[in-house]
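*Asks:* Below, each chain spelled out in residue letters.
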Amino acid sequence: MDLSSQHPPLSTCPVSLTINGQIRNFDLHPWVSLLDLLRGPLELTGTKKGCDHGQCGACTVLVDGERMNSCLKLAVSLDGAEITTIEGLGTPDDMHPMQKAFLEHDAYQCGYCTPGQICSAVALLKEGHAHQRHEIREAMSGNLCRCGAYTNIADAIEEVLGTEAAASVREAAE
Amino acid sequence: MRHFSYTRAETVSDAVEALASDPQAQILAGGTNLVDLMKYEVMRPAAIIDINRLPLRDIEDLPNGGLRIGALASNSAVAYDERVKERYPLLSSAILAGASPQLRNAATSGGNLLQRTRCYYFYDPATPCNKREPGSGCGAIGGVNRIHAILGASDHCIATHPSDMCVALAALSAVVEVEGPDGRHDIPFAEFHRLPGDHPERDNTLGQGEIVTAIRLEGNHFASHHTYLKLRDRRSYAFALVSVAAAMEVADDKIVELRVALGGVAHKPWRDFLAEAEFAGEAVDEVTFRRIAQRLLTGAKGQGQNDFKIPLAEKAIVRALRQAASGRPQDQAVKAIQ
Amino acid sequence: MLNSSKVVGLPLPRIDGPLKVTGRAPYAAEHFAPGMLQGYALCSTIATGRIAEIDTSEAERMPGVVKIYTHENRPKAARRDEKWKDEVAVPGHPLRPLENDRILYDGQPVALVVAESFEAARDAAALIRVRYEAGEPHTDLFREQANSYVPPVLRAKDMAPPSPRGNAEAAFAQAPHQISAEYSIEGEYHNPIELFGTTAIPAEDGSLMIHDKSQGSQNSHDTICKIFGLNPDKVTVRNSFVGGAFGSGLRPKHQLFFAVMAALDLKRPVKVEMSRSEMFYLTWRPSCIQTVSLAADEQGRLQSVMHHALEATSRYEDYQENVVNWSGLAYKCDNVTMSYEIAKLDVSTPGDMRAPGAATGITALEAAMDELAYEVGMDPLELRVINFVHRDQNQDKEITSKALHACYREGAARFGWSERSHEPRSMREGNELIGWGVATGIWEAQMSPAEARVSLSAEGKVVVSAAASDIGTGTYTILGQLAAETLGVALSEVAVEIGDSRLPTTSVEGGSWTAASSGTAVQVAGRMIIATLLKHARKMDNSPFAKATEDQVELSDGRLVLEANHQLGVAVSDIMGEAGLTVIEEHAKVEPDKAIQKKYSAYTHSVVFVEVRVDEELGQVRVTRVVDAVAAGRILNPKTARSQVLGGVVMGIGMALEEEGMVDHRTGRIMNHNIAEYHVPVHADIEDIEVIFVDEDDDKASPIGVKGLGEIGILGVAAAVSNAIFHATGSRIRSFPITIDKILESETMQ
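Chains as they are written, first to last, in UniProt numbering: chain A, 1 to 174; chain B, 1 to 338; chain C, 1 to 750.
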């Protein structure tokens with residue numbers, strides 16, 4: 001393989017992203033991934049790098065509401081998109097219901113895969129395809145947890161799903 | 001990652017023109033495979049043409065009851081589309097058997113067709129691989145080849161195609177719509193991917209500058225008798241060791257039309273049209289299923305570590321045919337094999 | 001509100017949880033400083049040989065590259081082995097990155113690129129051209145059996161198998177029931193989800209702040225100071241949050257060396273984060289070949305136990321672990337012989353991985369016990385029950401406690417073991433054969449020397465400080481609970497500072513000893529605070545404590561009270577006010593009681609019941625139910641304790657069915673060096689797991705009654721899965737992991 005390729009000019013591209021509700025404008029090299037943009041210059045390190053190749057799910061964020069592996073997204077290709085990271089879901093003093101459920105069910109140990117699990121679980125709720133426990137497990141299989149908190153994660157999601165279902169029944173009744 | 005120039009195509013013809021004029025350019029759609037391979041230095045394009053702005057995201061009804069799936073429709077969008085679920089449930093099921101929800105949200109239909117092999121040697125630039133580096137040899141032959149091909153391999157390459165979706169598309173005889181410097185044309189699915197032969201560096205029959213714009217499904221839906229059965233090393237989020245897309249049309253307990261496509265066993269989704277045709281009119285029973293399986297695996301050859309794939313494929317075909325015949329397709333969230 | 005006098009034993013959420021679930025907990029590579037550089041390592045692609053030529057010129061031209069380090073220009077570092085040996089090093093010559101042109105294993109770092117951005121460092125590394133002279137690699141343990149040897153230098157004195165007792169050969173020959181089998185386990189890789197990373201930040205005053213992924217901040221600190229000859233007082237290592245490690249973070253890894261080397265050389269902050277591939281080149285659970293021979297009398301009583309193990313090690317170090325010794329103490333047997341050897345391969349030095357040695361050895365022993373049960377014709381659980389022993393026959397010592405009968409009883413009841421039909425292939429549902437398997441687990445209950453500092457303010461705020469680590473184990477929370485209970489405050493009033501080399505001395509977090517060790521230190525420091533309060537309170541006018549001794553008083557809701565009568569007491573704020581104090585701080589130093597250790601051995605025990613369902617035609621295995629009953633002394637926090645065991649079970653399922661490094665022995669290269677193809681369990685693999693903690697009082701294993709839980713969860717799991725697969729299919733598969741190909745090729749699946 002010819003490695004002596006000349007470096008193309010280090011041109012950057014203008015990119016605008018809405019990150020956790022804030023519009024941000026950048027000039028980026030096209031080879032910068034969304035994950036590296038978040039974890040590097042933006043210091044939004046809640047989004048984790050576990051493999052950098054779409055094999056673990058630790059980098060899961062919401063792109064226009066859909067869960068994706070941010071490691072496999074070139075930031076330039078997302079120009080105009082809305083990105084929600086774990087930091088945008090809640091804070092220690094004002095947690096998202098899914099974050100509260102993870103805390104209560106001890107659905108994590110080391111905590112490193114956790115933001116990805118939670119972003120994935122929040123998307124799972126919105127998708128509406130998983131209802132029963134085995135469907136939750138299948139729909140969460142893109143998020144590895146090496147500490148093995150799987151049963152607790154399923155418990156946490158099941159609880160939030162139950163609460164949401166109950167809420168929608170109440171809404172329908174009103 | 002090799003540094004590259006980046007352009008966004010605004011029209012299909014822009015994209016075709018840019019791709020045709022630069023042999024070192026690659027198309028970026030969902031990026032789930034291309035960016036992965038670029039980070040591993042396996043693919044080193046000098047130019048990236050981003051086609052995400054092209055109007056190729058829709059799934060349209062065709063007058064004949066079929067569907068036209070835009071190349072940029074995400075795997076998730078296709079799998080959960082009500083029309084796909086109703087008319088081509090085999091396709092929906094196969095998509096849901098693959099990857100993860102995150103990857104399926106990002107990955108596109110066109111990109112799925114262009115997925116590259118998961119061969120360990122292809123993925124590791126420190127090793128020889130005729131697909132990555134023509135002429136460098138095949139590391140997998142005589143090496144770690146548990147996941148490799150048992151059908152249609154060559155002395156130059158024993159890699160397999162990794163897609164689940166494509167196995168269903170093969171079974172459904174989809175048509176790939178392509179646009180290139182010479183205009184638009186259709187490629188029957190069976191002719192889209194190729195066997196490695198002397199040129200394993202070529203995964204498919206796309207010409208220089210051609211891009212996939214849509215996948216067309218028409219004709220028989222096989223909505224009553226179909227299944228997608230996938231065997232792998234863990235219960236989700238793993239590539240197939242062997243997978244089977246089976247579909248049949250049945251009348252009076254006899255096979256009217258049979259479709260069987262295999263994944264994880266060859267350089268392309270494996271279909272044998274002649275073999276399928278031989279079983280028209282045969283009884284829908286275990287004896288026939290076994291004969292079908294044996295017939296489809298005629299000439300199967302192991303590489304050592306993957307020898308088990310031959311009996312596994314045989315049993316999986318029988319099981320899939322049983323599922324399809326009984327109208328009980330595999331539910332991808334249920335891990336007991338039905 | 002919490003009952004402040006009862007905090008220990010409650011299933012409380014982790015106190016570090018809110019930071020973790022909101023993404024605010026910073027891990028090693030998540031610290032920033034102005035002008036920070038990024039490092040990226042290039043690793044060798046051969047397993048043995050030398051670097052003939054390394055050309056960095058193209059890479060250096062990459063914009064943003066600051067410097068590229070190779071063996072040709074590496075800054076000076078210590079040369080002597082002693083300087084490179086960390087707290088838990090094994091015998092041999094520790095690897096010194098970039099020291100010379102020699103390559104000792106696939107994936108050995110050969111260069112470090114330091115650049116202004118991560119992308120520049122990564123992309124320049126790909127432009128470095130290395131020409132190797134490769135030697136012939138030896139990486140297949142099966143082919144190196146003839147070159148095995150008994151480690152000449154022991155890693156620790158209790159590492160060697162005890163001398164034989166009785167006459168195992170003769171007893172085996174005479175016994176009516178015998179089994180003998182070989183078991184093999186492929187190499188496994190820890191693969192914590194956090195990549196190894198280090199951020200090194202030099203300050204103008206010459207001090208250095210290092211954030212390192214490590215299971216011991218002081219181990220990293222002491223080692224890096226020795227390597228670079230740094231003033232230990234000027235260097236701080238922090239590991240506030242550790243994204244899993246499972247043993248891989250016990251010894252410092254090359255990214256620590258690289259980050260510090262570059263930061264010192266370039267006088268700028270440097271961050272080095274590994275790639276996932278690199279994580280396969282650090283350390284591993286060594287591949288192992290074992291032979292277990294068991295014999296029993298007509299009633300199933302063990303007459304002979306023989307266990308031999310051969311494990312892989314590297315060219316440069318003699319890694320060792322206790323694989324076989326468990327076979328001499330698990331069950332009652334008077335004729336026992338055990339041996340352990342290693343063989344050198346062209347691989348990185350293996351390392352401790354969750355329940356090191358035991359996970360490997362007990363897998364073979366407990367699979368063999370199942371084979372013996374079927375040879376004798378008795379229930380596998382019953383065989384274990386009748387061979388129960390309440391003594392450590394290896395060391396001829398008493399056992400501090402062993403509530404294993406309770407585990408057997410409660411676990412079996414919960415699992416429904418009595419419904420099991422003995423014959424293989426006798427239970428099925430739908431297309432699946434059902435198998436139930438059982439195995440016992442054992443791990444040492446260890447305590448290491450530890451220190452802790454605890455302070456109590458007049459307002460009732462508590463601060464706990466120790467250089468302990470929380471690698472997901474719950475250390476923050478249980479130390480907080482112990483301090484809260486001892487000092488009679490709510491957990492919310494306690495701040496826990498750990499993960500900092502400046503804090504009171506603590507050994508690496510491993511071996512499940514942190515709770516027993518640091519926990520005891522915290523409790524002792526808390527009691528010292530009470531003693532100090534009592535001393536001041538006695539001096540007060542009309543003190544109700546005039547005659548009270550230290551063990552007659554306690555703290556409750558901000559008051560020092562008589563244990564016997566909480567009405568009699570004085571507010572802590574009044575005592576401190578009178579004494580002119582705003583805060584009382586005490587520093588405790590604890591170590592295991594030698595007198596107890598001389599007389600007693602201490603172990604945790606468990607029994608694992610597993611249900612598998614195996615597709616009769618296709619050989620797909622599902623683990624559908626697990627009950628793990630554990631006797632581990634006092635449980636400080638049932639919520640985090642349960643999680644520890646759950647995690648062990650999940651890793652055990654991976655060990656049983658999925659995990660293996662696949663090496664191309666022609667080149668010595670690991671081919672599945674990624675976590676798409678090195679399979680660890682995913683959500684869909686894990687169905688119902690139930691954890692039971694049986695009551696077990698133990699006042700000798702550690703002063704706080706704790707035995708530790710980090711390892712016990714994995715023990716017995718792989719064996720129970722394989723035993724269940726036998727029960728389902730009628731085939732013994734003695735090679736781990738038990739993948740679908742092995743099932744399909746087994747005799748009853750043909």
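Careful, some of the hints might be misleading.
[Stated by the list, open to error] Footprint (simulated), chain A over chain C, 3 or more residues, beta carbon under 8 Å:
1. 20-27
2. 155-166
[To be verified] FRET-style restraints, in silico, Cβ to Cβ:
3. B/E82 - C/D688: 44 to 50 Å
4. B/R290 - C/E382: 50 to 56 Å
5. C/A413 - A/E164: 50 to 56 Å
6. B/A46 - C/R666: 31 to 37 Å
7. A/S11 - C/R143: 49 to 55 Å
8. C/E578 - A/D94: 39 to 45 Å
9. C/R666 - B/A223: 35 to 41 Å
10. B/R184 - C/G135: 55 to 61 Å
11. C/E382 - B/A251: 55 to 61 Å
12. B/G207 - C/D55: 36 to 42 Å
13. A/Q132 - C/G9: 33 to 39 Å
14. A/D94 - C/E382: 53 to 59 Å
15. B/E82 - C/R428: 36 to 42 Å
16. B/G281 - A/T163: 35 to 41 Å
By construction, these hints were calculated from the structure, which means they are not laboratory data.
We treat Cβ as the ideally placed atom computed from N, Cα and C, and that holds for glycine.
*Asks:* Hints first: check each against the structure and report whether it holds.
*Replies:* Going through the hints against the structure:
1. 20-27: With 8 residues in contact (Cβ-Cβ under 8 Å with chain A), the coverage given for the segment 20-27 of chain C holds.
2. 155-166: violated (count 0)
3. B/E82 - C/D688: 44 to 50 Å: Since the Cβ atoms of B/E82 and C/D688 sit about 34 Å apart, the hinted range of 44 to 50 Å is violated.
4. B/R290 - C/E382: 50 to 56 Å: At 43 Å between Cβs, range violated.
5. C/A413 - A/E164: 50 to 56 Å: Distance hint for C/A413, A/E164 is violated at roughly 36 Å.
6. B/A46 - C/R666: 31 to 37 Å: holds (33 Å)
7. A/S11 - C/R143: 49 to 55 Å: holds (53 Å)
8. C/E578 - A/D94: 39 to 45 Å: holds (42 Å)
9. C/R666 - B/A223: 35 to 41 Å: With a Cβ separation near 49 Å, C/R666 and B/A223 fall outside 35 to 41 Å, so the hint is violated.
10. B/R184 - C/G135: 55 to 61 Å: Since B/R184 and C/G135 have Cβ atoms about 56 Å apart, the given range 55 to 61 Å holds.
11. C/E382 - B/A251: 55 to 61 Å: Hint holds: Cβ distance 57 Å, inside 55 to 61 Å.
12. B/G207 - C/D55: 36 to 42 Å: holds (38 Å)
13. A/Q132 - C/G9: 33 to 39 Å: Hint holds: Cβ distance 34 Å, inside 33 to 39 Å.
14. A/D94 - C/E382: 53 to 59 Å: Given range 53 to 59 Å: holds, Cβ gap about 56 Å.
15. B/E82 - C/R428: 36 to 42 Å: Check passed, 38 Å falls within 36 to 42 Å.
16. B/G281 - A/T163: 35 to 41 Å: violated (56 Å)
Consistency note: the structure conflicts with the earlier hints numbered 2, 3, 4, 5, 9, 16.
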